[in-house]
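Student: We have chain A already, so just place chain B on it with the hints.
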Amino acid sequence: MRSIILAAGTAVLMAAQPASAQELKIGMITTLSGGGSGLGIDVRDGFMLGLEHVGGAMGGLETEVIEGDDERSPEVAVQLADRMIERDGVQIVTGIVWSNLALAIMPTLARSEVLFVSPNAGPSALAGEGCSPYFFNVAYQNDNNHEAMGQHVQDAGYERLFLLAPNYPAGQDSLTGFKRYYTGEVVGEVYTQLGQLDYAAELAQIRAAEPDAVFFFLPGGMGINFIKQYEQAGLKDEIPLFGPAFSFSQDILGAVGEAAVGVYNTAQWSPDLDNPANLRFVEDFMDRYGRIPSLYASQAYDAALLIDAGVRAAGGNLDDTEALIAAFETAQFDTVRGSFRFNTNHFPIQNFYLREVVQLEDGTLTNRLAGTVFTDHTDAYAQDCSM
Amino acid sequence: MDGLLLVEQALNGVQLGVMLFLMAAGLTLIFGIMDMINLAHGSFYMVGAFLTATFTGLFDSFVLGLIVAVPLAAAVGVVVELVALRTLYRRDHLDQVLATFGLILFFNELVKIIWGPVPLRLTPPEFLSGQVELIPGAPYPAFRLAVIVVGIAVALFLWVLIGRTRLGMRIRAGASNREMVTALGVDIAPIFTAVFALGAGLAGLAGAMAGPILAVEVGMGEQILILTFVVIVIGGLGSIKGAFVGAVLVGLVDTFGRVLLPAAFKLFLDPSTADGVGSSLASMSIYILMAAVLAFRPRGLFPAYG
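As they're listed, the protein sequences go chains A and B.
Residue numbers in the first sequence follow numbering that gives the first Met the number 0, run continuously in steps of one, and reach 386 at the last position.
Residue numbers in the second sequence follow numbering that gives the first Met the number 0, run continuously in steps of one, and reach 305 at the last position.
Where hints are given, some of them may not hold.
[To be verified] Rough simulated footprint, nothing fancy, chain B against chain A, three-plus residues with beta-carbon under 8 angstroms:
1. 25-34
2. 84-90
3. 178-191
4. 197-206
5. 228-239
[Claimed, not checked] Taking lysine to any residue pairs in the SDA-like style, the calculated list, with each CA pair at most 20 angstroms apart, reads:
6. B:111 / A:68
7. A:235 / B:128
8. B:265 / A:184
9. B:265 / A:185
10. A:235 / B:127
11. A:178 / A:157
12. B:240 / B:125
13. B:265 / A:81
14. A:178 / B:273
15. A:178 / B:272
16. A:24 / A:81
17. A:235 / A:207
If you are wondering where the hints come from, they were derived from the structure by calculation, not from laboratory data.
Virtual Cβ for every residue (Gly too), placed ideally from N, Cα, C.
Bound-form chain A, shown alone:
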């Protein structure tokens, strides 16, 4: 017992020592408790696996990751960002899943000239006129996955669509993105509450509107609620469901079961994408954590690889922020997506794929590639960014 206390004391003393110039401190602010924590935990785990794969030292520097739980609350995220910058002296912040949280902490980070590597949130407000040199999105611009599904639904010949998304920035981005490429008739467009539990009222509206297909964007638990209730209402066999990858992500599939089999969704990544980096990532993730990685985990893994490559390209010099930003813009790393480069607004230029939900022999559900929708796709806001 005494030795444990001594060891703990030593650890506290060591943690309290000031950061040397040769140490990289990364603030991992993500959702680790409460609703949506499955996503945040996948982000954290994916990032930590990336850190392990680069030998525990990003860009050759001794690396410390400081975790903070944002509880999916913008206020908490801002407090964490302040504390990590002021007290811990982090040079890079990552982990944020939700767009409203990303928008909340961005002013703080920009003021302190701290880089923000977003492993998920990519709101339009940070992609166009409001773009920031300190913001890098390693996942996608929020509209992208929805644009890809808009294109697919258009190509597949559906003509009467019912659209459903939560009433928050990413929800509005979602339907805007979808309608940018889907030009057919929209027979119903419903914005639901963030965190809504019961969708019976919306399901009755869908049945009454008699659409060809339904496009919905409901990440996390909301999607589980909706898909279960959609099947129980007997609608799944009548009206096909389409959605972005978030609506059929790995974190949702286990909970909805067969209700999701055969459904198509779109993403910039799939667990079966055939490239060496992805094979290694998926295999090691399953070994380490005992589950198939989600889209969010793949993005966070890439975030870790990007930080490693960026810091390495800057020669490990964290004091010259401008040079560091320039190094991040052109950083080369083995992404699990096969190909990836940054646009002028620090958002990715990449491919988007069609995926189908399948059941493996052992009963597990997962996504399989079913086609390519966009090649080297950019976002609609980059031309408004003046960087």
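Tutor: Relative to the frame of chain A, chain B by itself:
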């Protein structure tokens, strides 16, 4: 929008209300009768759902899973009452809020340690997985009808228990004058433990019945807890009748708010603005209802005791 669709939406509203009632009944008992603010009530709901999912998988039967899980949720409630909450009865409400908020964090972490961060799977039993065509052209999920039946059965059970039995009489007496009941020789502590077990069991039952419809995930309790507090404040603290009426009111107002408000705004706004404004206003509708009720009946619709 035709008449049949409105009838179907009314049914949806009642169903949502009955599900909220299952949660609210236990909370209002504990809140009104023991004067205890228990934020951890949502944790019993979560525990009930997780246990039901686990035992349903184990026994391959939802009904068996539920029968095992609900008493276990009640047992968890008893342990929490004996270990943590008993010392808090005489403290003020702020202490109770702080302590039970701590319990929320504890239970969320515990569930994550035991079951992991990924949501569990729970589907309705085979015989309730189909639809019943109550309203022509609108097949209604059988499981949702089962929720209504269970909710009404629980309401009747509580009405008899509180109003017609000796235990119920003691509970009511303990609620209105604790000192007097103790002076008359009734040991109030086991009665409070029994009420707490009942409340936790009802929350567990609510979790079990909600599991096949909603996501069984860490933090599911907090999502429904806020709605539940709205219900019992509207209904009047401590009143089972109030909880039932309040729950059905909240269910109906929420459902019709979501359906009618966007449609109403479309009469004079362009469709996408109307959707945005309407749905924003709809998410406030139950709080507006609560404010309106409190303005005219500051103690709720059916205040339980003086």
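Student: For a C-alpha distance cap of 20 angstroms, please report whether residue 235 of chain A and residue 128 of chain B respect it.
Tutor: The given pair, whose Cα atoms are some 13 angstroms apart, holds under the 20 angstroms limit.
Student: Are the Cα atoms of residue 265 of chain B and residue 184 of chain A separated by 20 angstroms or less?
Tutor: 17 angstroms, holds
Student: For the pair supplied as a hint, residue 265 of chain B and residue 185 of chain A, is the alpha-carbon distance within the 20 angstroms limit?
Tutor: The given pair, whose Cα atoms are some 15 angstroms apart, holds under the 20 angstroms limit.
Student: Holds or violated: are the alpha carbons of residue 235 of chain A and residue 127 of chain B at most 20 angstroms from each other?
Tutor: With Cα atoms ~17 angstroms apart, residue 235 of chain A and residue 127 of chain B stay inside 20 angstroms; holds.
Student: Given the hinted pair residue 240 of chain B and residue 125 of chain B, is their Cα-Cα distance within 20 angstroms?
Tutor: Status violated; Cα separation ~33 angstroms.
Student: Next pair to validate is residue 111 of chain B with residue 68 of chain A; report whether the Cα-Cα distance is within 20 angstroms.
Tutor: 14 angstroms, holds
Student: Quick check: the stretch 228-239 of chain A, covered by chain B? Criterion 3+ residues, Cβ under 8 angstroms.
Tutor: It holds: at least three residues are needed, and the stretch 228-239 of chain A offers 4 whose Cβ sits within less than 8 angstroms of chain B.
Student: For a C-alpha distance cap of 20 angstroms, please report whether residue 178 of chain A and residue 273 of chain B respect it.
Tutor: The given pair, whose Cα atoms are some 17 angstroms apart, holds under the 20 angstroms limit.
Student: For the pair we were handed, residue 235 of chain A and residue 207 of chain A, check the Cα-Cα distance against 20 angstroms.
Tutor: 15 angstroms, holds
Student: Tell me if chain B covers the stretch 25-34 of chain A under the three-residue, 8 angstroms CB rule, please?
Tutor: holds (count 3)
Student: Mind checking the alpha carbons of residue 178 of chain A and residue 272 of chain B for me, to see if they're no more than 20 angstroms apart?
Tutor: With a Cα-Cα distance of about 15 angstroms, the restraint between residue 178 of chain A and residue 272 of chain B holds, given a limit of 20 angstroms.
Student: Between the alpha carbons of residue 24 of chain A and residue 81 of chain A, is the straight-line distance 20 angstroms or under?
Tutor: 14 angstroms, holds
The structure shown violates the earlier hints numbered 2, 12 and 13.
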